[in-house]
Amino acid sequence: MSWQQYVDTNLIGSKNLARAAIIGHDGNNWASSTPKLVSQTDGKALSDLFKKPNEALEKGIMLDGIKYMGIKANERSIYGKKGSTGLVCVKTLKSILVGYYNETQQPGNATNTIEKLADYLIENGF
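Each residue of the sequence shown is one higher than the one before, starting from 296 at the first, in my numbering.
Since the hints were derived computationally from the structure, they do not count as laboratory data. One thing to keep in mind: the hints can contain errors.
[Claimed, not checked] Okay, derived cross-link-like pairs now, DSS-like style, lysine-lysine, Cα gap no bigger than 30 Å in a straight line:
id, residue 1, residue 2
1, K377, K331
2, K331, K347
3, K339, K411
4, K389, K310
5, K367, K347
6, K346, K362
7, K354, K339
8, K376, K411
9, K367, K389
10, K331, K362
11, K331, K389
12, K339, K377
13, K339, K376
14, K389, K411
Taking the hints into account, I'd like the entire structure generated from these sequences.
See below:
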């Protein structure tokens, strides 16, 4: 399965996420639901947050021109919220999964969708 198929089928196809992307640890976009969803600059900054996850809680998370309040952050997962929308970011061995949910989607469902795909990728060496 291609990276784009993971985004289209597993993430967006779940209906639990409004937008999603898979990026490399270097911030480069591998696949996304919309072109350049995560810029290389934002992607690299996000990757760096996994090295110092407390900064996500202290300073927030800036992605796609939107600042999210950090609500959970560790070396594997970073979650952010802005009003009734939010994002879920999970680091795997070689990639970072990024999912955005909107006001009509449940944060718990969005989180489960991203975390389950991350588990699968990690189990398969990615």
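Cross-check of the supplied hints:
no.: 1; hint: K377 <-> K331; result: 21 Å, holds
no.: 2; hint: K331 <-> K347; result: 25 Å, holds
no.: 3; hint: K339 <-> K411; result: 23 Å, holds
no.: 4; hint: K389 <-> K310; result: 25 Å, holds
no.: 5; hint: K367 <-> K347; result: 12 Å, holds
no.: 6; hint: K346 <-> K362; result: 19 Å, holds
no.: 7; hint: K354 <-> K339; result: 16 Å, holds
no.: 8; hint: K376 <-> K411; result: 20 Å, holds
no.: 9; hint: K367 <-> K389; result: 21 Å, holds
no.: 10; hint: K331 <-> K362; result: 17 Å, holds
no.: 11; hint: K331 <-> K389; result: 19 Å, holds
no.: 12; hint: K339 <-> K377; result: 21 Å, holds
no.: 13; hint: K339 <-> K376; result: 20 Å, holds
no.: 14; hint: K389 <-> K411; result: 16 Å, holds
In summary, this structure violates none of the numbered hints.
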